[in-house]
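Enquirer: In the order they appear, the protein sequences are chains A and B.
The opening residue of the first sequence carries number 128 in my numbering; numbering runs sequentially from there.
The opening residue of the second sequence carries number 128 in my numbering; numbering runs sequentially from there.
Hints may contain errors.
Said to hold, decoys possible - Listed next, the in silico DMTMM-like pairs over lysine to aspartate or glutamate satisfying Cα-Cα at most 25 Å (straight line):
hint, chain 1, residue 1, chain 2, residue 2
1, A, K394, B, D340
2, A, K394, B, D339
3, B, K394, A, E214
4, B, K394, B, E360
5, A, K394, B, E360
6, A, K213, B, E360
7, B, K394, A, D341
These aren't lab readings, by the way, just hints derived from the structure by calculation.
There are 2 protein chains.
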Amino acid sequence: MASAVSSHPPLSVALVGATGLVGETILEVLAERDFPVGRLLPLASRRSSGRTLRFRGEELAVREAEPAAFEGVDLVFFAATGSLSKELAPEAVTRGAVVIDKSNTWRMDERVPLVIPEINPAALEEHEGIIACPNCTTIGVAMALEPLRRAAGLRRVVVTTLQATSGAGREASEELEAQLAALARNEEPVATVFPSPIAHNVLPLCERFDPDDDGYSTEEMKLLHETRKILGEPDLDVSMTCVRVPVPVGHSASLLVECERALSPEKARRALDAFPGVRVVDDCARNVFPTPRDVAGGDEVLVGRVRRDLTSERLWLWQVVDNLRKGAATNGVQIAETLIERGLL
Amino acid sequence: MASAVSSHPPLSVALVGATGLVGETILEVLAERDFPVGRLLPLASRRSSGRTLRFRGEELAVREAEPAAFEGVDLVFFAATGSLSKELAPEAVTRGAVVIDKSNTWRMDERVPLVIPEINPAALEEHEGIIACPNCTTIGVAMALEPLRRAAGLRRVVVTTLQATSGAGREASEELEAQLAALARNEEPVATVFPSPIAHNVLPLCERFDPDDDGYSTEEMKLLHETRKILGEPDLDVSMTCVRVPVPVGHSASLLVECERALSPEKARRALDAFPGVRVVDDCARNVFPTPRDVAGGDEVLVGRVRRDLTSERLWLWQVVDNLRKGAATNGVQIAETLIERGLL
């Protein structure tokens with residue numbers, strides 16, 4: 128993969144949301160993967176503009192994200208709020224840039240490909256300027272499901288997620304840290320980002336409840352709709368509860384999967400391990416299973432505890448992903464690399 | 128309930144495992160509920176004997192648990208290791224005591240009632256000296272299932288648990304604390320009780336893997352077999368993954384329940400709220416749902432996030448229980464109270 132990408136002429140790249148956790152991780156991943164960045168333009172909301180950040184050893188000033196900033200830009204990563212993306216992504220496209228958007232704004236738009244490069248790279252061929260990067264939780268779950276889908280078809284999935292605080296942004300991560308420090312001093316933890324303390328606790332709510340969703344969180348609805356779109360299975364039964372846990376980085380998911388055709392745990396493991404970007408970490412005899420700490424800082428989706436349900440042919444899996452890297456930044460950069468490989472950028 | 132119990136002549140009560148977390152909580156609960164304790168005899172393994180503890184303001188020496196200690200004792204709570212319970216519970220019964228055992232040793236013995244007093248108190252009538260208290264995880268899950276079973280029958284249950292460190296004992300709780308302190312100092316957390324660090328992490332393993340269980344943990348197998356026995360549903364489909372989370376107290380469970388007959392979320396909430404020991408805490412519009420911090424120190428099983436599955440008639444629930452109280456100590460003391468009420472003690 129690296130050759131077509133690394134020999135590509137340098138691109139002018141803008142990054143909206145450069146000061147956030149995902150933005151910061153995109154900068155790391157671009158540098159690590161030697162992505163052909165010529166000029167890098169860090170942008171942010173007015174509140175965060177004026178700061179500086181480092182990219183490949185160089186200090187860069189963060190400018191305010193506004194339409195004129197996209198003049199002459201080839202590629203824009205949006206890693207900011209949905210409203211900024213809604214307003215500015217079309218402006219960037221109008222000026223000739225390709226947009227890879229991490230927000231929820233464009234994902235379910237029929238004109239917008241929603242892409243995990245290992246799963247549905249061909250969807251990029253149809254892009255009209257904006258490409259959506261799935262939600263961090265969806266990416267981990269879809270990466271674990273696709274090898275099983277290809278091997279034996281999918282009928283039904285039941286999933287409970289255990290999501291890291293960094294999935295809710297920098298302030299959420301800082302809130303966990305501050306609450307743990309307060310508890311260590313025997314003080315009451317103060318919750319402002321999350322509706323209840325997250326330290327020493329778990330919350331059966333990720334993001335927020337939408338009155339239209341009849342008791343579901345917005346995060347849960349994303350998991351249903353995005354998974355269907357990415358896997359190309361518009362009627363797939365996905366049942367889910369999304370839970371926030373006091374973990375800084377690394378989303379986990381406990382998955383019960385019903386396939387269309389028989390699939391033994393052993394064959395499932397082989398299918399998973401053979402899939403690019405997925406690795407099986409599964410040896411009960413030696414207490415080996417994947418945990419959030421194991422994926423933090425890495426790009427692989429790890430899967431373990433693959434076993435047959437005790438009362439049916441269904442399969443249990445345990446899946447873990449670094450929500451900031453493969454769940455966000457790395458997947459976005461991989462989309463850009465795939466665009467280059469396919470001559471689309 | 129209190130009257131038959133409080134007017135009962137004082138009993139000679141022994142507590143094996145008095146120095147552990149559950150033992151300590153049993154002492155609290157006995158005092159709180161004014162259980163008719165005449166003499167209290169705190170016992171422990173040789174290693175822990177010789178310490179002292181306080182009960183109702185009195186300082187008591189912890190003696191070594193050995194057969195002769197049970198002479199003249201009416202009631203023994205076992206809150207110790209399974210091996211101590213296996214060896215000593217029959218010795219206590221031989222000497223005329225009734226045993227309420229919290230270990231896993233006797234639960235699946237056909238001669239031993241496995242009791243949650245709100246669910247199957249009549250099973251106590253058949254006791255032959257030993258009565259088993261279910262696993263802390265099973266108690267929470269069964270308390271959430273029984274009201275639905277009575278209202279509409281149960282066909283299938285899929286559950287992922289998120290279990291507190293105190294469920295693995297005092298050393299496990301201390302390990303979480305020590306690891307969080309190490310991380311706060313930017314040091315590597317050291318894991319000795321758990322196979323990997325539990326701080327800032329989740330582990331898809333509770334207790335241990337048994338080579339006979341084909342990829343399942345002992346905790347998961349308990350949840351299947353105990354739930355079936357308590358609910359009197361020997362063929363109930365229960366599918367589960369048990370996960371350890373960095374929470375000191377309070378086990379949570381994410382449950383997807385398929386009933387035999389139609390049951391709306393509203394009717395499920397009513398059935399749950401009407402059941403003794405269960406309270407519904409469920410108001411998405413105001414971000415109200417139960418969390419481990421909400422149950423810590425209390426005896427109620429809290430249930431929230433009751434909603435219909437997006438793709439079927441099944442119901443999702445979120446259930447939380449204080450694993451040391453209703454999950455262990457309180458349930459044990461309630462068993463003793465029920466024995467008194469039924470003239471069995």
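Enquirer: Hints broken by the structure, by number, lowest first?
Expert: 3, 5, 6
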